[in-house]
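With the hints as a guide, dock the two chains, each given alone in a separate frame, to form the complex.
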Amino acid sequence: MIEVQNLTKSFDGRTVLHGIDATFYEGKTNLIIGQSGSGKTVLVKSLVGLLTPDSGKILFDGRNLLTMSSEEVKDLRKEIGMLFQGSALFDSETVLGNVEFPLKMFTRKSREEIRERALFCLERVNLKGAEKKFPAEISGGMQKRVAIARAIALNPKYLFCDEPNSGLDPKTSILIDELLSDITHEYNITTVINTHDMNSVLGIGENIIFINKGHREWVGDMSQIYNTANEALNDFVFATRLFQEVREYVAEHGTINDRK
Amino acid sequence: MLLTNSLATFGRYCMFLRRVFSIPDRFSEFGRRTVAEVAKLGIDSIPLVLIISVFIGAVIAIQMQLNIASPLIPAYSVGLATREIILLEFSNSILCLILAGKVGSNIASEIGTMRVTEQIDALDIMGVNSANFLVLPKVVGFVAFMPVLAVLCMVTSLVGGYLVAVFTDLITVSRYVYGLQAFFQEWYVWYGLIKALVFAFIIATTASFYGYYVKGGALEVGKSSTNAVVTSSVFILLFDVILTKLLLQ
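As they're listed, the protein sequences go chains A and B. Quick note, the first sequence lines up with residues 514 to 773 if you use my numbering. Quick note, the second sequence lines up with residues 2 to 250 if you use my numbering.
Next up, chain B with everything else stripped away, as it sits in the complex (with noise of 0.2 Å):
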């Protein structure tokens, strides 16, 4: 029964996907309602995306000096390690389940609200494909600005770890930067860019299908967000097994 539903729902998803990625009606409008979602869904996360970034980048740098500290390893592990868990994790699949939250209750809430209060009737009836006019915006907004959220947490983190540094005596700054410098492979970089947009594209398509296809009215407008956010937290995990196992080996 559980494996029906699941199949059930997913064939429902990518029927989904199919109308959402078609030829929009009008380019103009879809132009403009992009650039509504790129500032709705991306830049409102900046100021999240930083406060935590630079905390966690602190917090990295502090255990990773409390727990490597070892005269057998040399001192500017502290900002190698931290440099190695912002760019191949943090600033990827930690980030991208932080805005699940954010942006994927915001999306799921904002179309089932639409569903419930006949908004999307509103659109069919007129003889817009309401699936892509709403949808196609996010997905594509979200996307595109996915990277620039993630370069920023990535500096943002190392930042964090820098202030360590420079405000308390647990490591020497000059250590830290050595180690930031030390033995790095820029495909991490792009390692950590590549599942991020995996991850935005998983975040926006699961909560605007959710939102979509809501039935009731605001009890289950919550429920689906909450389901967005959950199902979309799974799914990231399980892509960032699957993409580190693809990346990286």
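This is chain A alone, in the form it adopts within the complex (with noise of 0.2 Å):
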């Protein structure tokens, strides 16, 4: 589990984050959502230690990431996978050398070992036969499945998502949910995941916090956000035509849930 408390950041005396408190449960897909420019990125990145916030208190599993001496990031980032928005795979390396790269840096397991855990890896994403391409060589989605692929090979307890959907065809965006999802509860990660894809909140929204310029305005799962309140959170989520007509067959059904 991921407790954020007060958390404030700002850049050059603008306040992007303020005082935000959420919190992250473990073996659920937790999903920021927020418009563009909300402060969502920032929030992620500080989580994973790419930005130093102001104040606050990042607690992992009550571990204050904030008050960690360096050694203590670094055990820690190991416990961690995370999944760019651009994949951000290694070029010069294939596809299986990328899944094997974390298995060699940080453990002292066999080559036969690694090469083992990697193509199971692989296989879990449904890569299987892709190991010796290299990352240009295969389409956007593929290259997101390696990047979970490499994010899972340490068997992380928290594993964090930017933007996992950017970029992709509808149909391969809901199968990395899908991954997403079902990776998340059978290893039991405390899965975090920055998106504004409306698919990826009402199909696997199990914890889903809004951050509205900067502020945590509203948490609830998927069922909770058709009933919501909060003005700003209908106009983002049911922007669209198509939602808004969601939304009126929940209201009508009660469920889509047999949508699939």
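These aren't lab readings, by the way, just hints derived from the structure by calculation. Even glycine gets a Cβ: it sits at the ideal position worked out from N, Cα and C. Everything hinted at is true.
Chain B is faced by these chain A residues, among others (derived, beta-carbon under 8 Å):
| # | residue |
| --- | --- |
| 1 | Arg590 |
| 2 | Lys591 |
| 3 | Phe597 |
Only pairs whose alpha carbons sit at most 20 Å apart, straight line, appear in this in silico EDC-like list of lysine to aspartate or glutamate:
| # | chain 1 | residue 1 | chain 2 | residue 2 |
| --- | --- | --- | --- | --- |
| 4 | A | Lys591 | B | Glu30 |
| 5 | A | Lys591 | A | Glu626 |
| 6 | A | Lys570 | A | Asp588 |
| 7 | A | Lys622 | B | Glu30 |
| 8 | A | Lys641 | A | Glu691 |
| 9 | A | Lys558 | A | Glu676 |
| 10 | A | Lys670 | A | Glu691 |
| 11 | A | Lys587 | B | Asp122 |
| 12 | A | Lys617 | B | Asp122 |
| 13 | B | Lys41 | A | Asp604 |
| 14 | B | Lys216 | A | Asp525 |
| 15 | B | Lys216 | B | Glu119 |
| 16 | A | Lys617 | B | Asp125 |
| 17 | A | Lys587 | B | Asp125 |
| 18 | A | Lys587 | B | Asp26 |
| 19 | A | Lys591 | B | Glu119 |
| 20 | A | Lys558 | A | Asp525 |
| 21 | A | Lys558 | B | Asp125 |
| 22 | A | Lys587 | B | Glu119 |
| 23 | A | Lys591 | B | Asp122 |
| 24 | A | Lys591 | B | Asp26 |
| 25 | B | Lys246 | B | Glu85 |
| 26 | A | Lys622 | B | Asp26 |
| 27 | A | Lys617 | B | Glu30 |
| 28 | A | Lys591 | B | Asp125 |
| 29 | A | Lys670 | B | Asp125 |
| 30 | A | Lys558 | B | Glu119 |
| 31 | B | Lys41 | A | Glu606 |
| 32 | A | Lys670 | B | Asp122 |
| 33 | A | Lys558 | B | Asp122 |
| 34 | A | Lys617 | B | Asp26 |
| 35 | A | Lys587 | B | Glu30 |
This is the structure we're talking about:
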């Protein structure tokens, strides 16, 4: 579990995060949603330590990231997996090399064991047969799946995903969502997904945190979002005619969970 | 303002070097990457070094002959002057200014692209010291291979002058070869190699620094590459003066 308490971050005197409080639960897909420029990327970057907040606490199962020594941070990072918006695969390494990389750097496993684990992770994301290809030779969706395989190679306790569906077609987006959701439940990971993809929000949002202009405005799950009274959230989630109709359908029938 | 900015950048460069020169997380990985960098930055530069050296060596020999042709100056002076120019300046300073363009832009654009595509962030989040992991193999690989490039440059340039003696009637081969051997000072070779090592360090670290701290996209990567080449060239010239004063006086 990750707890964020009163987190504040400013850039050049402009406050981007105003005392954010949030809890991200273990074994759940935790979604951070909000409009572009709302501060959600700053929040995720603060959570993984790429940005240092001005004040507040970030507790990883009770351990405060902001007061840890550099050695403790290094140890914590081995428990973190991250999926970047652009996948961030190493161009010079093959698909297999990318997944093997964290295992080579942080485990004492033999070459065979490393290969076996990497192949298992690739199989888990349905990428068997692409081991020898380079990132430039595979599609965006496949790159995302390689990045997921790399992120789970070390059995992380925490998985962060920065806009995992960005640049993907709707069908591939759903596949990535389902994969993230399955992995989260299968390995009991605390997964934090930064997204503004409404399919993800309504499809896998077990714990949704809505950030608006740097403030945490709403917390709930995907079933509660249809009945929210929060105007900004309504404007954001149900901005298109399609999602307005989805909301009307849910109001009438109670659920869309059988939509698959 | 300019002074404050320069000092701030220098401070950042020093802190960057502190991160670069730390103990690698995995020596086997460091060794593998260093060998790859020797191949990419060093061995791949050999054709450029050979082509430039042979032509510049030939040009220096021709220009020496044309400019110092006088009954008062011995004919072997062409070989002697060619040798001194090549050992003292061309095989280190000029060679490194050329390599700053090739190797410097290669390093800055590679690391800069890794920065803007979040590959460096990915390394940091994994807990890898990205500066050390990416930059140290480049610095060690290039600095270690630089003496090879400098010696190749010296030999090939002298061969370029020799070819002028063989294929033209500007100077005889025997006088050119005698000039090459006359009043030879071994220290000049060491002086050239010391300068080449320092310049290689400047090129590799300056280019890495500019690439590592790129912010933005493709345009900024291009700018950082240009800045890396310009800055390392200026520092090569500055240290050329300092080292010449320290080592030859």
